[in-house]
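Number of protein chains: 2
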Amino acid sequence: MSEYIEHDVQGVSAGIVEKQYFEAEELVLDNGQALGPVIIAYETHGRLNADRDNVIWICHALTGDSHVAGYYSEEDEKPGWWDFMVGPGKGIDTDRYFVVCSNVLGSCQGSTGPGSINPETGNPYGLNFPVLTLGDMVKAQKALLDHLGIRKITAVVGGSVGGMQVLEWCLRYPEFVRAAIPIAATTRHSALAIAFNEVARQAIMADPNWNHGDYYFGNKPDLGLAVARMIGHITYLSDESMRLKFGRRLQDKFDFSYNFEADFQVESYLRYQGKKFVERFDANSFLYITKAADYYDLGQEHGRGSVVDAFAKTRARYLVISFTSDWLYPTYQSREMVKAMKKSGLEVSFCEIEASWGHDAFLLPSTTLSNMINGFLYNVSSQYAPQ
Amino acid sequence: MSEYIEHDVQGVSAGIVEKQYFEAEELVLDNGQALGPVIIAYETHGRLNADRDNVIWICHALTGDSHVAGYYSEEDEKPGWWDFMVGPGKGIDTDRYFVVCSNVLGSCQGSTGPGSINPETGNPYGLNFPVLTLGDMVKAQKALLDHLGIRKITAVVGGSVGGMQVLEWCLRYPEFVRAAIPIAATTRHSALAIAFNEVARQAIMADPNWNHGDYYFGNKPDLGLAVARMIGHITYLSDESMRLKFGRRLQDKFDFSYNFEADFQVESYLRYQGKKFVERFDANSFLYITKAADYYDLGQEHGRGSVVDAFAKTRARYLVISFTSDWLYPTYQSREMVKAMKKSGLEVSFCEIEASWGHDAFLLPSTTLSNMINGFLYNVSSQYAPQ
Chain Z
1 MSEYIEHDVQ
11 GVSAGIVEKQ
21 YFEAEELVLD
31 NGQALGPVII
41 AYETHGRLNA
51 DRDNVIWICH
61 ALTGDSHVAG
71 YYSEEDEKPG
81 WWDFMVGPGK
91 GIDTDRYFVV
101 CSNVLGSCQG
111 STGPGSINPE
121 TGNPYGLNFP
131 VLTLGDMVKA
141 QKALLDHLGI
151 RKITAVVGGS
161 VGGMQVLEWC
171 LRYPEFVRAA
181 IPIAATTRHS
191 ALAIAFNEVA
201 RQAIMADPNW
211 NHGDYYFGNK
221 PDLGLAVARM
231 IGHITYLSDE
241 SMRLKFGRRL
251 QDKFDFSYNF
261 EADFQVESYL
271 RYQGKKFVER
281 FDANSFLYIT
291 KAADYYDLGQ
301 EHGRGSVVDA
311 FAKTRARYLV
321 ISFTSDWLYP
331 TYQSREMVKA
341 MKKSGLEVSF
351 CEIEASWGHD
361 AFLLPSTTLS
371 NMINGFLYNV
381 SSQYAPQ
Chain P
1 MSEYIEHDVQ
11 GVSAGIVEKQ
21 YFEAEELVLD
31 NGQALGPVII
41 AYETHGRLNA
51 DRDNVIWICH
61 ALTGDSHVAG
71 YYSEEDEKPG
81 WWDFMVGPGK
91 GIDTDRYFVV
101 CSNVLGSCQG
111 STGPGSINPE
121 TGNPYGLNFP
131 VLTLGDMVKA
141 QKALLDHLGI
151 RKITAVVGGS
161 VGGMQVLEWC
171 LRYPEFVRAA
181 IPIAATTRHS
191 ALAIAFNEVA
201 RQAIMADPNW
211 NHGDYYFGNK
221 PDLGLAVARM
231 IGHITYLSDE
241 SMRLKFGRRL
251 QDKFDFSYNF
261 EADFQVESYL
271 RYQGKKFVER
281 FDANSFLYIT
291 KAADYYDLGQ
301 EHGRGSVVDA
311 FAKTRARYLV
321 ISFTSDWLYP
331 TYQSREMVKA
341 MKKSGLEVSF
351 CEIEASWGHD
361 AFLLPSTTLS
371 NMINGFLYNV
381 SSQYAPQ
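Line by line, the protein sequences give chains Z and P.
Counting along the first sequence from 1, when you hit position 112 you're at 112 in my numbering, and nothing is skipped either side.
Counting along the second sequence from 1, when you hit position 228 you're at 228 in my numbering, and nothing is skipped either side.
Mixed in with the good hints, there may be bad ones.
To be verified - Subject to a maximum C-alpha distance of 20 Å in a straight line, what follows is the list of computed SDA-like cross-link-like pairs (lysine to any residue): (1) 220/P x 211/Z; (2) 245/Z x 324/Z; (3) 275/P x 205/Z; (4) 245/Z x 297/P; (5) 220/P x 208/Z; (6) 343/Z x 174/Z; (7) 220/Z x 205/P; (8) 245/Z x 327/P; (9) 78/Z x 110/Z; (10) 220/Z x 209/P; (11) 245/P x 327/Z; (12) 245/P x 297/Z; (13) 275/P x 208/Z; (14) 220/Z x 211/P; (15) 142/P x 172/P; (16) 276/P x 205/Z; (17) 220/Z x 208/P; (18) 275/Z x 205/P.
If you're looking for bench data, these hints aren't it; they were derived computationally from the structure.
One chain only, chain Z, in its complex shape (with noise of 0.2 Å):
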């Protein structure tokens, strides 16, 4: 296939993109329940080959969105999540690979999600919402791949959250993954991070605006959803990449506001996270993508409580990424999920990248990072290539 080259981070841009929207008529939940219609806001970059399985499956964290890399428009200041990533030349190379990248079920940003209109009622769902599960927006997906007409996946791609829908990909559809890239990720959620989960979403259901879910005709809970934003925040950064952001430098050079405003640059900047992400997100789709997180554990889902026993279930090649300062999915986790794979007779490559950055750290442009998928993906597809 085509050849293994350095890329440069700060490459060609992917371009122009558009938001594109694939309805399915119906979806029936892990649950039973049947959701629908079912909207999938998605975006593509690159064309599918003839095989049509030059595909790179790119599923995003939390709070992202299908704007993967790319501009909306030629006045657009700023390009999707992961431009860096995903482009002509780049980690991800666009003039290679098809890639996909949707929003996932129950979010805000075009697929359906709680915030979209019940047909039955004719207003938004609110709480009527059924709670997903990580599982259901993996099969949202395989219903746009199925729409697309994609038979392979070459890679599933993703952090965080992402990361664990990448290995859901791999246990729910295993003969369509070739390879797997899961990035700061986790088989399940440990109380910390469940904590810090349950408290985000209290801070919203604390706002008398979120009024149980049913806000979307009045004021919305938006200082509740900005506190929970906050406390998010601060999980993806980490102790050193705060000290070295922010220290304990003031707003004002000079002195202390002897009130409660904020004096700490740390404290601006959260309060602007904070008041930028009510802009784009809805509390609602917080609660159920967070909950959704919470409630996956994939040794219990496919293998009976064991780890090893689920991946053995999967057939994909894995690339598994961690970073030393992550405390929300620590490295430790990466490792023990690594060795689940290995006893599981799974082919693995496992790299703890050193990054003062935190859990975000595969958010921002890493040359290491880049050079690694690149290699990986050139690997897998040399793999199938045709002899």
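With chain Z held as given, fit chain P onto it using these hints.
Same frame as chain Z, but now just chain P:
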């Protein structure tokens, strides 16, 4: 003096104690403002000796109070917060020492704080209460010390924000302090610690019942304060302790709720902690004390930016104690403190205790911790014992 004994953690109770009150007509704060009258709630154990110097001064943490040991009544089911440490024959032996613990200025457990009546208006201060410093809190404690006729403190002891007050005691009143035991403390908050405090404050201020601090005659910001407490509570534990204590165990043994009720034990534990907390703590006090702790910067305030220069002004012997799993005031911060103390030519013992329970480890019964403190206090007392 008395001899060093291996004390019994489960030893004799400090018995029945009474909350006492000291009133100062006025206290001039670090910002120049006069606050008055100032009431300080406190409790004592043991007997002051003839030299009035067998004193152990205990500083409580953020949400603690003066009730350090023993019981308020025969019917009382819960002893003071450091009961395993303070009592006859215990780590801090009340047969030998006169123990004093007072509620910090700005708190709500008997000492003057934002919930107290402002004599100028006849209503609670609310946000008209001045923004305090940890120095102001120590200054109020010093007024109590003078009132009690104490001439010397054998040791000032405290954990967390209490440990920061211990350091401030050594700097502000070096001639009064023979020894100091800062536990799980720091000379200044990291960006991470400030970030958590700020999000907790935002959770309170996001609650409409907070009403800019003016809620004493109406509904209190209980939901916001509960979220703040939950955030704090997570930071007092550790990944490991939460795994050991909760793991992914469910409330209901059989299945998920598939709604937004507490499914996991860690969730209901946090909700319970939040709910319990609002019954005993004032939201504005939480704001004031966390802000004072965030502002504190020992090197900046006392050494023109140099922690070494600051410590050079102190005369105490130190026992610095940290816990391996503490990620709020990580053990590297204690190491830095010890390094600076040594550079200043001070006599320092340092002990990093291998503990999985995180920041709150100092509140949990530990023979290691008790023996260490007992031995150190014995050495200090012996040094000053009449020949």
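| request: Provide an ascending list of the numbers of those earlier hints which the structure does not satisfy. | output: Per hint list: zero violations.
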